[in-house]
Amino acid sequence: MTRPSPEPSGDDPPEPDRPDLSGPDPAAVFGKLFDEHAPALHRYLARRVGTTIADDLVADTFVTALDHRHRYDPARAGVRPWLYGIASNLLRRHVRDELRALRATARLVSERHQDGPENRVAERLDAKARIARLAAALAVLSPDDREVLLLTSWAGLSPVEIAQALDIPAGTVRSRLHRVRRWLRASATTIEPAPALPEDHHG
Amino acid sequence: MADQVHPIWTDDELDAALAGLHNDRDPANLTGARTALYSALGEPEPIMPRSRRRWPQWAAAAAVVALLVAGALVVRNGTGPVPKASTAVPGLQKAVTGAQDPVLKPGQYHYIRVEAWWSTTVVGGPRTTKTFEYLADNVIETWVPADQTQTWMQRRSIVGQRKWVIGTEAEAEAVGIVSGNNGAPTQLTAPCGDLFPNQSGLDQSLPQTLQGGTPSCADVHAGWQHPTPAWFAGLPTDPQAMLARLRHDVPGVTGTPDDVQFFGDVADALRSGLVSAKVTSVLYRTLLLLPEVRVTQHVANLDGRIGVAMGIDSTAKPGLPSGTYHSERQEIIIDPVANQFIGERAVAPAPVGTVSDLSSITTSVVHSIGSTR
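Listed in order, the protein sequences are those of chains E and D. According to my numbering, the first sequence is numbered sequentially starting from 1. According to my numbering, the second sequence is numbered sequentially starting from 1.
The set of hints was computed from the structure by calculation and includes no laboratory data. Note that the Cβ used here is the ideal one computed from N, Cα and C, for glycine as well. Be a bit skeptical, because a hint or two may be false.
Said to hold, decoys possible - Selected chain E positions facing chain D (in silico; Cβ < 7 Å):
{"#": "1", "residue": "20"}
{"#": "2", "residue": "27"}
{"#": "3", "residue": "32"}
{"#": "4", "residue": "34"}
{"#": "5", "residue": "37"}
{"#": "6", "residue": "63"}
{"#": "7", "residue": "66"}
{"#": "8", "residue": "72"}
{"#": "9", "residue": "135"}
{"#": "10", "residue": "139"}
{"#": "11", "residue": "156"}
{"#": "12", "residue": "185"}
Claimed, not checked - Simulated restraints on C-beta separations:
{"#": "13", "chain 1": "D", "residue 1": "186", "chain 2": "E", "residue 2": "52", "range": "38 to 48 Å"}
{"#": "14", "chain 1": "E", "residue 1": "179", "chain 2": "D", "residue 2": "24", "range": "21 to 31 Å"}
{"#": "15", "chain 1": "E", "residue 1": "174", "chain 2": "D", "residue 2": "184", "range": "52 to 62 Å"}
{"#": "16", "chain 1": "E", "residue 1": "39", "chain 2": "D", "residue 2": "19", "range": "15 to 25 Å"}
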């Protein structure tokens with residue numbers, strides 16, 4: 001990864017994806033940051049934990065970013081990975097919500113396909129069934145593996161950006177991603193949706 | 001790990017499933033998050049340039065801000081709202097029954113002049129990340145022919161100096177946010193009043209093209225935002241039936257109480273300057289059926305004419321804490337003596353009674369297109 005020197009060089013304005021968050025006018029900087037990143041961040045979070053929780057998580061992400069703005073180092077990370085890193089931390093409190101949503105999606109389609117083994121072939125051809133299978137498989141991934149996969153696939157972050165977001169080496173991101181994808185390709189067809197947990201039915 | 005009996009997905013199949021999973025979530029409502037951020041900033045929240053379906057299309061780029069420093073428009077309303085009840089506002093009752101319609105001879109025109117202070121918020125630009133807000137004095141003049149299938153004309157201009165709420169003229173000019181002057185007036189002409197032929201939806205911003213005109217009036221989409229004589233003729237004459245019509249015409253939008261939308265649609269129609277006295281009367285009485293509508297006495301329009309305001313408070317929006325700068329009371333102002341719709345204003349709740357938008361509307365009959373008297 002070649003970047004121009006991160007050292008501030010006098011007259012040059014900051015790079016657009018690496019703004020100076022510690023300046024004297026946080027309202028202008030954070031207002032712009034919100035308008036640029038909140039919609040996509042919300043889409044990503046809503047896919048993971050649903051719209052309602054995503055509403056709160058977006059608010060918490062930006063308020064946390066504001067509170068910790070002096071810790072943001074433009075030389076170290078782009079602002080987008082930094083925001084997604086904050087969101088990932090906040091998301092950890094909602095693992096149960098995410099698993100509940102994945103299991104619900106897995107059951108939603110699999111229940112339509114309980115006629116018998118002869119339907120299995122058709123099921124594999126059915127995009128919705130494939131999505132259900134994937135949901136069931138994602139529910140058994142470790143939270144760290146799921147994080148790397150979905151930051152890549154849903155948030156569109158590169159391995160370098162994910163490394164910045166999660167504060168892990170980029171090589172770890174790449175190898176984890178490779179391993180997770182290989183496992184999903186092989187296993188998603190065999191994972192059965194987990195039975196509903198008691199809490200899945202209320203709340 | 002993988003069982004050889006089972007087929008293995010390709011990368012494309014995995015990606016397709018990933019792309020399809022949970023991609024049907026409800027759209028974001030970011031207003032709460034935005035409010036939380038500005039609350040943490042300790043700053044009043046600027047309201048983004050948004051497409052206000054309550055405004056006609058030429059005003060869609062205008063946005064409301066709470067006016068904290070632009071002194072000229074800061075008006076305090078000392079009387080406060082009074083309880084809604086048509087019996088408690090005799091002036092309004094008169095307005096409901098007394099107005100007369102101008103009768104146009106062939107070749108004559110309705111001349112409708114709207115003057116409005118609207119604010120614009122610009123968040124960043126090609127050479128800046130700063131936020132700018134300013135108010136500008138918009139004048140919109142419309143000439144409507146006696147035979148409305150003939151050519152209409154609309155002239156839009158911005159007059160006078162901008163009033164800066166955030167930033168200065170010099171700063172904004174230096175980074176290309178505004179140019180040095182207000183520019184020449186924009187003039188549109190089109191038969192059937194179809195001045196914005198490319199605007200099919202209500203939530204569009206300014207028109208892509210400023211050439212008017214579809215060949216047939218039948219192509220013009222009539223409605224609350226573009227009332228036509230035939231459309232007026234099809235409206236109910238009973239307030240309850242009118243309310244049902246509004247409910248039918250305004251599909252609910254998440255987060256906005258229907259009543260606020262109904263009120264906005266009625267304001268849109270009144271702002272055309274073409275509503276007959278009879279229909280106006282029904283509309284006023286319809287608005288009084290809405291439980292959230294409040295009547296305020298002694299309200300001045302932009303020209304200083306005093307009237308009675310009927311308003312609805314958008315603080316009722318679910319999910320928005322009251323007292324934030326999102327909220328405003330949208331009001332139409334009626335002169336109960338002359339029996340006319342004379343303007344609109346928007347009132348922010350904090351500081352109490354701060355007027356953020358203010359307008360006036362006058363109508364007259366003229367003998368040629370482009371003449372003002």
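Results for each hint:
With its C-beta approaching chain D no nearer than about 9 Å, residue 20 of chain E sits outside the 7 Å limit, and its interface hint is violated. A distance limit of 7 Å between C-beta atoms decides the matter here; for residue 27 of chain E the minimum to chain D is near 4 Å, and the interface restraint holds. The beta carbon of residue 32 of chain E comes within 5 Å of a beta carbon in chain D, closer than 7 Å, and the hint placing it at the interface holds. For residue 34 of chain E, the interface hint holds, since its Cβ comes within 7 Å of a Cβ in chain D; the closest pair sits about 6 Å apart.
Using the Cβ-Cβ criterion of 7 Å, the hint placing residue 37 of chain E at the interface with chain D is not satisfied: the shortest such distance is roughly 11 Å. Residue-level restraint check for residue 63 of chain E holds (minimum Cβ-Cβ distance to chain D is 5 Å; threshold 7 Å). A hinted interface residue such as residue 66 of chain E counts as satisfied when its beta carbon comes closer than 7 Å to some beta carbon of chain D; here the least separation is about 5 Å, so the hint holds. The beta carbon of residue 72 of chain E is not positioned within 7 Å of any beta carbon in chain D (closest approach about 15 Å), and the interface hint is therefore violated.
With its C-beta approaching chain D no nearer than about 6 Å, residue 135 of chain E sits inside the 7 Å limit, and its interface hint holds. Proximity of residue 139 of chain E to chain D is violated relative to the hint, the smallest CB-CB distance being about 11 Å (cut-off 7 Å). Given the 7 Å rule on beta carbons, the hint for residue 156 of chain E is violated: about 11 Å separates it from the nearest Cβ of chain D. Contact between residue 185 of chain E and chain D, as hinted, is supported at the beta carbon level, the nearest pair being about 4 Å apart and thus within 7 Å.
In this structure the hint that residue 186 of chain D and residue 52 of chain E lie 38 to 48 Å apart at CB holds, the actual value being about 44 Å. Against the hinted window of 21 to 31 Å, the Cβ-Cβ separation of residue 179 of chain E and residue 24 of chain D comes to about 29 Å, which satisfies the hint. One distance hint, 52 to 62 Å for the beta-carbon pair residue 174 of chain E and residue 184 of chain D, holds here, with the actual separation near 58 Å. One distance hint, 15 to 25 Å for the beta-carbon pair residue 39 of chain E and residue 19 of chain D, holds here, with the actual separation near 18 Å.
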